[in-house]
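Protein sequences appear in the order of chains A and B.
Start counting the first sequence at 1; every next residue gets the next number (the working numbering).
Start counting the second sequence at 482; every next residue gets the next number (the working numbering).
It is worth saying that the hints were derived from the structure and are not from the lab.
Among the hints, erroneous ones may be present.
[Stated by the list, open to error] Cut-off 27 angstroms, straight-line C-alpha distance, at most; resulting in silico cross-link-like pairs (DSS-like, lysine-lysine):
| no. | chain 1 | residue 1 | chain 2 | residue 2 |
| --- | --- | --- | --- | --- |
| 1 | A | K458 | A | K24 |
| 2 | B | K718 | A | K197 |
| 3 | A | K136 | B | K759 |
| 4 | A | K179 | A | K105 |
| 5 | B | K718 | A | K218 |
| 6 | A | K197 | B | K759 |
| 7 | A | K401 | A | K9 |
| 8 | A | K197 | A | K126 |
[As the list claims (entries may be wrong)] Which bits of chain B does chain A cover? Going by a derived footprint, with three or more residues having C-beta under 8 angstroms, they are:
| no. | stretch |
| --- | --- |
| 9 | 722-729 |
| 10 | 732-742 |
| 11 | 752-759 |
Idealized CB from N, CA, C, for every residue including glycine.
Residues per chain, in single letters:
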Amino acid sequence: MVTTSPNIKLMAHLLRRAGFGSTKEQLDEYLSVGYEKVVDGLIDDLDSSRINDALVRRYFPDQSVTHDTSGAGSYWLYRLVSTDSPLREKIALFWHNVFATGYTKVTNGKPMSDQLRMFRSHGLGKLDELLLKLSKDPAMIIWLDNVDNHDGAINENYGRELLELFSMGVGNYSEDDIKECSRAFTGWSIANSDYIKELAIRNSIMPYGKLAWRYEYKEDDHDDGEKTFLGRKGNFNGEEIIKIICEQPATARFISRHLYHFFVADEPPVPSWPYKDPQDMGAISILEKAYFDSGYDIGEMIRVLFKSDFFKSETCHYKKIKSPAELAGNVLRTTEEFGTPNIRISERNSQVTFMGQQLLNPPSVEGWHQGLEWIETGSLTERVNFASQHLGDLSKPGVRKIVGNVIAQAGDSMSAEECVDQCLSQLGAIQTSDYIHNTLIEFAEENGISGIDLAKDKDTAIQKISEVISVVASVPEFQQS
Amino acid sequence: MFPVDTAIGKDGRMHTVSRAYVPATAQLRITMYDIDSEYFGIYGGYGERVGEFRWPTGMAADAEGNVYVSDEQNNRINIFSHEGDPIKHWGAAGTNEGQLMGPSGIAFDNEQNLVVADHLNNRIQKFSKDGTFIMSFGNSGEGDLRMPWGVCVGEDNSVYVADWANDRIAKYDSSGSFLRAFGTSGSGDGEFKNPSGVAVDGEGYIYVTDWGNERLVILDKDGNFIETLRGQATISKWADEYFEGNYEEAEPRSRSNLEPDAGQFGGDPHEESAHIEKFFWGPTSVKIDDSGRIYVTESNRHRVQIYERTR
Numbered sequence: 001m002v003t004t005s006p007n008i009k010l011m012a013h014l015l016r017r018a019g020f021g022s023t024k025e026q027l028d029e030y031l032s033v034g035y036e037k038v039v040d041g042l043i044d045d046l047d048s049s050r051i052n053d054a055l056v057r058r059y060f061p062d063q064s065v066t067h068d069t070s071g072a073g074s075y076w077l078y079r080l081v082s083t084d085s086p087l088r089e090k091i092a093l094f095w096h097n098v099f100a101t102g103y104t105k106v107t108n109g110k111p112m113s114d115q116l117r118m119f120r121s122h123g124l125g126k127l128d129e130l131l132l133k134l135s136k137d138p139a140m141i142i143w144l145d146n147v148d149n150h151d152g153a154i155n156e157n158y159g160r161e162l163l164e165l166f167s168m169g170v171g172n173y174s175e176d177d178i179k180e181c182s183r184a185f186t187g188w189s190i191a192n193s194d195y196i197k198e199l200a201i202r203n204s205i206m207p208y209g210k211l212a213w214r215y216e217y218k219e220d221d222h223d224d225g226e227k228t229f230l231g232r233k234g235n236f237n238g239e240e241i242i243k244i245i246c247e248q249p250a251t252a253r254f255i256s257r258h259l260y261h262f263f264v265a266d267e268p269p270v271p272s273w274p275y276k277d278p279q280d281m282g283a284i285s286i287l288e289k290a291y292f293d294s295g296y297d298i299g300e301m302i303r304v305l306f307k308s309d310f311f312k313s314e315t316c317h318y319k320k321i322k323s324p325a326e327l328a329g330n331v332l333r334t335t336e337e338f339g340t341p342n343i344r345i346s347e348r349n350s351q352v353t354f355m356g357q358q359l360l361n362p363p364s365v366e367g368w369h370q371g372l373e374w375i376e377t378g379s380l381t382e383r384v385n386f387a388s389q390h391l392g393d394l395s396k397p398g399v400r401k402i403v404g405n406v407i408a409q410a411g412d413s414m415s416a417e418e419c420v421d422q423c424l425s426q427l428g429a430i431q432t433s434d435y436i437h438n439t440l441i442e443f444a445e446e447n448g449i450s451g452i453d454l455a456k457d458k459d460t461a462i463q464k465i466s467e468v469i470s471v472v473a474s475v476p477e478f479q480q481s
Numbered sequence: 482m483f484p485v486d487t488a489i490g491k492d493g494r495m496h497t498v499s500r501a502y503v504p505a506t507a508q509l510r511i512t513m514y515d516i517d518s519e520y521f522g523i524y525g526g527y528g529e530r531v532g533e534f535r536w537p538t539g540m541a542a543d544a545e546g547n548v549y550v551s552d553e554q555n556n557r558i559n560i561f562s563h564e565g566d567p568i569k570h571w572g573a574a575g576t577n578e579g580q581l582m583g584p585s586g587i588a589f590d591n592e593q594n595l596v597v598a599d600h601l602n603n604r605i606q607k608f609s610k611d612g613t614f615i616m617s618f619g620n621s622g623e624g625d626l627r628m629p630w631g632v633c634v635g636e637d638n639s640v641y642v643a644d645w646a647n648d649r650i651a652k653y654d655s656s657g658s659f660l661r662a663f664g665t666s667g668s669g670d671g672e673f674k675n676p677s678g679v680a681v682d683g684e685g686y687i688y689v690t691d692w693g694n695e696r697l698v699i700l701d702k703d704g705n706f707i708e709t710l711r712g713q714a715t716i717s718k719w720a721d722e723y724f725e726g727n728y729e730e731a732e733p734r735s736r737s738n739l740e741p742d743a744g745q746f747g748g749d750p751h752e753e754s755a756h757i758e759k760f761f762w763g764p765t766s767v768k769i770d771d772s773g774r775i776y777v778t779e780s781n782r783h784r785v786q787i788y789e790r791t792r
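Looking at chain A on its own, in the form it has when it is part of the complex (with noise of 0.2 angstroms):
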């Protein structure tokens, strides 16, 4: 097996976490960079627009309009495999499943999409401010019901999954905090609420197509009384409330805990977090101290986490298992099928539906469990022909590239070995067991790459080398991140 160096390793796995993975030929250009000024360009590169909208509306209203799960997940997996800045996208993955908002409710592709681009803008900065965005956000309103929580009327479901799963975790607040909470959140609302709600009820798009949502705030519908907050007294509303939750202790340790769930290594589900430690308590208590040094900035902790000894440690490396949107912004980055937009689109939104993680669409207020509850017989059938069938396809461009590089490593000839391990490279320093590498060895051979004369027939060397990068794809290195 080729030794791949530590630099490469450690770099590969950084793109692997903060983005969609790479090819060798990505891996090449960030290594010139070096680690410490990637990890601080992937944060601090501000521009999130370089994807081309008006190309993409030219050709799909569907994803100009964004009416429905389709025509707005469409739309977000083109991002994933066109983005320049692929933290952007990660991090709106991340508090997608944190601030899990869902289609099923909300009827309503264009706030859906309102939403994720809100955590495109401020879901690197600082916490209260993203709280405060999350707390006026339409589709975020309709979702928990704080669209009925009326002063004198109090609808606790925001006031509650604020607390319990926006930013505390239970155990760490009362009843009557929920109450109080839910109370300095009323008249958070949206315009024409009556009729969006009719309209999300009967998911009506008549006549003119469903209306845009708009934050509105309800002054005569707002409790204007005293309040008492986590220990705290005052007339709250839901910007003091907010400020509240993010000076404490316990809101540090949970969404350090996330983070570290989402970038580092699976953490057991949320539920279990009052009740379960940390698996690596020094790394929680590096990103609480990251939290509260910041002033609450998101994009800061990751920026000491992506930094981390413990982020970098490789008993971390593929301890992760990749969502079905990470796998697919994978494979399509890699296969260049998405270079301009075009109809296929959709298609591939559907077979992330199939692996198991519809966009836009979360099974719950928790979210996706994620780790090994991405993995069942169904979605890793899915997953493993997801990958292996576009990635060993070489009508795709990025697949070609890929071949044609595997052959220039070459000389007149390559074993079985050395297409393996050069096509382990080309896919983005994938690392395997062993065993593993000798399988692939073993289907090398048995494919007779190693029996060809790459100078007579080409052809057939490009044939045998797209089926080793398929069955590549097929690992499980390939399936984690």
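Position chain B against the provided structure of chain A, taking the given hints into account.
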């Protein structure tokens, strides 16, 4: 579902072609109706056989009332009768003269030849009605096009092109020589952002669906800026009928503000149009009928706004 162009056919009959949610191909079709909301039926559908299309984009009616429809995905022109019966199709994919890569807007010239915006080949091609290649232009020098969309033909047989990626309207004479361009990139008066359609009336006034700015822009024959329309849609007869049968929606709608202050949307025309129902949203084409009425097809609002000149 998502109308992208309208042809004004015989007796003023309107033929509007719609794209669809990509998986919901059953909604891909052409609807026949008139200005009084009289409905005459639908025709066309998803596929590759005669009378079918996959990415319909441009429409034009010839002097006999037959309707021509471009198909960007199948790289062909479909022909239907006035009643929507499929007649034939022609066109083949490629980059050579006479071949097509994403045919978008189409229009007939004064000799009943079809002008086609061959958008991924960045050129205009002219064909006879039965598909015989006549000429191509627009892919060199000052008149170099980038992803052209809508086209129209003036009374003198000059060709106007919505030069989408160049943010301008390009004008050529009947032999394809570049004459001049109107507009520069931007959102001010006389500026365009990804124009999708262009039409010229009998007096030479130029109407542009300035798609990226979500508006209709009117220029005089010399290209001087006259006026911008942002959209003034009213409730159609079909919409009225819908509300009559759906009181649960009509009642809260009557208490809603569907014309909020545009200033709160950060100057983004796409967002303004998403929130203000009467505004154009996704205006993909503009056409003018024999009486000078102006028809703007809006893909995102699923409707056609019709205007009459007042001066």
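Results of checking the hints against the structure:
| no. | hint | verdict |
| --- | --- | --- |
| 1 | K458(A) - K24(A) | 22 angstroms, holds |
| 2 | K718(B) - K197(A) | 25 angstroms, holds |
| 3 | K136(A) - K759(B) | 25 angstroms, holds |
| 4 | K179(A) - K105(A) | 24 angstroms, holds |
| 5 | K718(B) - K218(A) | 34 angstroms, violated |
| 6 | K197(A) - K759(B) | 21 angstroms, holds |
| 7 | K401(A) - K9(A) | 22 angstroms, holds |
| 8 | K197(A) - K126(A) | 31 angstroms, violated |
| 9 | 722-729 | holds (count 4) |
| 10 | 732-742 | holds (count 7) |
| 11 | 752-759 | holds (count 4) |
The structure fails hints 5 and 8 (numbered hints given earlier, in ascending order).
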